[in-house]
Amino acid sequence: MNKKLSRRDFLKIAATSSTATGIALLGLQPIAAQADGVEFSLAMVDWSDPVQTAFEETILPRFVEENPGSSVTVNWTNWGRYNEEMTTAFASGVTPDVFQGGAVWAPQMARRNWAVPLNDFINADAEWDWDDFPAGLQADVTIRGDIVAVPYRQDLRTLWYNKEMLADAGIDAAPTTWDEFLAAAQATTVHGDNGFDVEGYHFSDASGNWQRDWQPFLMWVHMADGQFLSDDLSSCALDQPEALEALEWLVALVREHEVTSYPGLDPQGDLNVLAGRNAAMQLSSADMERVINLYAPDEAETIYPTLPLTGNVQATHSWVNKFFISSQTPDATASWGLLRFMTRQDMLEVYSASNNNTPPRLSLLEADYMSEKHKVVLESAVYARTFPQHHNLIALFRPIAAELEQALSGNKPAADALVDATAAINEILEDD
Amino acid sequence: MATLRANTDGTFSRREASLPLILTYIFLIIGAIVMIMPFVWMVSTSIKPDREIFGDSIRWIPTELDLQNYSDAFEQTNMPRLFVNTVAVTAVAVASQVLLGSMAGYAFARLHFRGKMLIFFTLLTTMMVPFEVLIIPVFLLIKFFPLAGGNDILGQGGTGLINTLGGVMFPNFVSVFGVFLFRQFYLNFPKEIEEAAIVDGCSRVGVYWRILIPNSKPVMGTMALFAFLWSWNDFLWPLVVVKEDSLKTIQLGLSVFDQEQGTAWAELMAASVMAVVPVILLYIFLQRFLVSGGLTSGLKG
Amino acid sequence: MNLAVSKRVDWEGQRTDWRDRLYRFYNSQAFVAFLFLLVPVLLLAALKIWPVFYNLYLSFTRYELFEPPRFVGLKNYKYVFTNKTAFQSIINTLLFTIEAVPVGTALALIIAKLLDQSIRGRVFLRTLYYLPVVSSVVVSAMIWRWIYSPQHGLLNYFLGLVGIPPQHWLNDPNLALISLVIVTIWGSIGSNMVIFLAGLQDIPRDVIEAARVDGASPVQSFLRITVPLMRPVILFVVVTFTIGIFRNFGLIFMLTQGGPFNRTNTMVWEVYQNVFGYLRLGRGAAISVVMLVIVLILTLISFRVLRERQGA
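Protein chains in written order, with numbering that gives the first Met the number 0: chain A, 0 to 431; chain B, 0 to 300; chain C, 0 to 311.
So that you can see chain A by itself, here it is in the shape it has in the complex:
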């Protein structure tokens, strides 16, 4: 405008920007060309500070030490977008060699041939010891005879409660049945001016994650002895009386007994609702213990786990997280080397201890880091159920997640919500 842009300026700008680009592009290369040996890429979704530290300071250096010349690039991501991320990874043909996967991934990976079957590796590797993994977990990763993944964590949830709050309300023993649970929840709930000061039972957080209601609901369905899909996986079983009983129970907890708020209270940063004393009971994993020891050590002597509640049956749910080897890995044998290393007893202990995960190996039950509380969590494995092995579970969850919201916020009777969810899920099943 005021001063003319001379050609010299223009060239200068062009030269600067292209040089910058050049430098930037050059700067990106070294990553790929570091080592002469085998280069692995690993996708990790269970991120937390200590897990990252355990990997970067212990597990991966040890691996490189034992496999000289090899190198591992780790990509950390989060659950919120992991499914989409891996789908695009396979769609584009750029996948990590080894990657973590969630509880519902094995059937999908097997169906799409995205995971290398591990039977031969496992059978030839007695030292690594597959039999050390509990039978239920083995079954969860075995799809029509193919072992498609190795579990690294059981996300096993049971009832956690604040002993002190219950005692103050005159309840001395942890609840074991739905009725005792309700009594305890009613005794501990405190209503304030703006809704809840304390939830007797914390059902779900107010996060935007669509799975937040569905996951605890599933545990209540198990306790009512209901199931998500029929045994032959051909239709949805949520319209059965057991599932309805579970949902009506939950709706009553929210709307009639008012012992839990919906949507639930927010965690305070690192403090979850139980640790922050905004709730007295919650269904949670051993992660609860980690959070409390780390961020609310004062509560360590008040918050305890107890075995799963008994509704029609005593039951809970276990989310089995696992490692897969991508079918696109250039060298499956080498990738197995990395996978077996990460899941062998000593390394799995380092990993599990870093995040207080519940380990999938029987031999780790007596590991040093396993506290008394953690053993209670582990004991509930006996009552745990896992997901049906349908390859399209993630898509099937969506209708029930939406209908749950409708029922829990009182917009729709529980029975209608489940009938609608069942219809929508059956539609997806038929289309397959």
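Zero decoy hints are in this set.
In silico EDC-like pairs for lysine to aspartate or glutamate, Cα to Cα no more than 20 Å straight-line:
1. C/Lys74 to A/Glu426
2. A/Lys162 to A/Glu179
3. A/Lys372 to A/Asp297
4. A/Lys162 to A/Glu298
5. A/Lys372 to A/Asp286
6. C/Lys74 to A/Asp431
7. C/Lys77 to A/Asp431
8. A/Lys372 to A/Glu300
9. C/Lys83 to A/Asp419
10. A/Lys162 to A/Asp196
11. C/Lys83 to A/Glu426
12. C/Lys77 to A/Asp430
13. C/Lys83 to A/Asp431
14. A/Lys374 to A/Glu300
15. A/Lys411 to A/Asp238
16. C/Lys74 to A/Asp430
17. C/Lys83 to A/Asp430
18. A/Lys411 to A/Glu255
19. B/Lys216 to B/Glu193
20. C/Lys83 to A/Asp415
21. C/Lys83 to A/Glu429
22. C/Lys112 to C/Glu208
23. C/Lys74 to A/Glu429
24. A/Lys162 to A/Asp178
25. C/Lys83 to A/Asp238
26. C/Lys77 to A/Glu426
27. A/Lys411 to C/Asp171
28. A/Lys374 to A/Asp345
29. C/Lys77 to A/Glu429
Chain B stretches covered by chain A per the calculated footprint, using a threshold of three residues with CB under 8 Å from any CB of chain A:
30. 151-162
31. 242-255
In case anyone wonders, no lab produced these hints; they're calculated from the structure.
All values derive from a computational prediction rather than experimental measurement.
Glycine residues also receive a C-beta, built at the ideal position from the N, C-alpha and C atoms.
Using the hints, position chains B and C against chain A.
Relative to the frame of chain A, chains B and C by itself:
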């Protein structure tokens, strides 16, 4: 015109002083406060220790300064790499959109050739097509890009431009908006200067290079600003194309703090400050071009 | 022009016929246009035109990337219009537009008008209003999620001061869409304002001055003179704003993921879910096509209105 306007407005404000003027100010200032409050809150959160973030009352100015959040954010996101990637992607987008936009704009504004209107209006129509709608075909285009990422000449066999910065850049090489903007600017550019140059024996390329380019500063500033904004702030496309942490742009990097177990608000806000400061600086530097850049000149004719 | 050529040739002193012709060809309008347009037009054809048609093709197929597309006729379109979730995404997108566009446009116009006077500090104010545009969707979404936080958020704190109980902004089915609309308006006032400011400069000052002399209040002259004269610019803003809302992916991705009750499940989110969540590219393409058709219809209507106005 300008003096007249200042004059009338001046007398207006002096004579009737004021009630309307005061109301105007009150409205505008309240509005401006609402507009920037989120940013102030972002900065405020980013320098607070956690207990003040989740305290019972709201504190705008923390009682103690906690810059730890910044160093945490810097380390956990691998900020230098995010910056290098984003700068690379953005620099290419800006340079290429300015250059290609001005070339095409010149052709459409000054040259006569068969099919000009047809091509121009076809392009103009595509301005209304949101990129998000075309994500599937463009994704396939990038994946089957010939001779890249192990692909053969037919685009088979490899991964194309997926998981490369080139793949992130590709859709940003040219913008229809840019072509339109430059055309509009060159249409309004006095023809006499060019004609004189041609009489003096200057070629058409020479006219473009020696006369139009040096005089295009405002429109280039506008284009550069927009190209920068789009590219720096782009989210969906890098999300789809990039597979490795080492190639992530800054917008993707921010989500590290958004985890299942909860959001690390202080670190997230600190990282957000770092992501947004370069853009704000650039905007302040280039904003004078915005209104003068002929944004709406196309609507007149 | 001939003059120029011959002059140049004279000056170089080489009157070889082929060089003359070569230069003439090189300097012909058609060749220069070809030279200048080749790269941009090829790129745009590959990025903007071919994809439209390919999308159309895909929308009639079932395509899961790993096997070739299989023709399924209108099945995907039937899905879009009969499946509850998919159809709701169309409704949600339109609702989003209806809630955001009129208010957002009006606010931007009023602010532009107020800033279009020589008042002290207007450049500074303009900069402040534009800041949200400069910030990325990701950053904006993160800040707002924090502001909307039910227990620790700024918004509920302010409401608390006037005695309104805390709200679950992003989780309340009745508030979620409005919450997104607020962020959208906040994020777009700046860019719309700039367009309006540019448009306001084209309104002859003497017209407004004349109205003022005739005794019209500022509000009257705004409604009777500015708004009608600005009609083309307003339409332009409405169209671009609408398109902006249709393509608003980041906000949904970062804030609500389509929930609660699918209330914020917009078309672009539905496309993303189908394509990258469930690998149903055909369905995603069909939704894209519907989305494109709606955008084009809205654009056409706007320009039709614009032309009629200009003709009248």
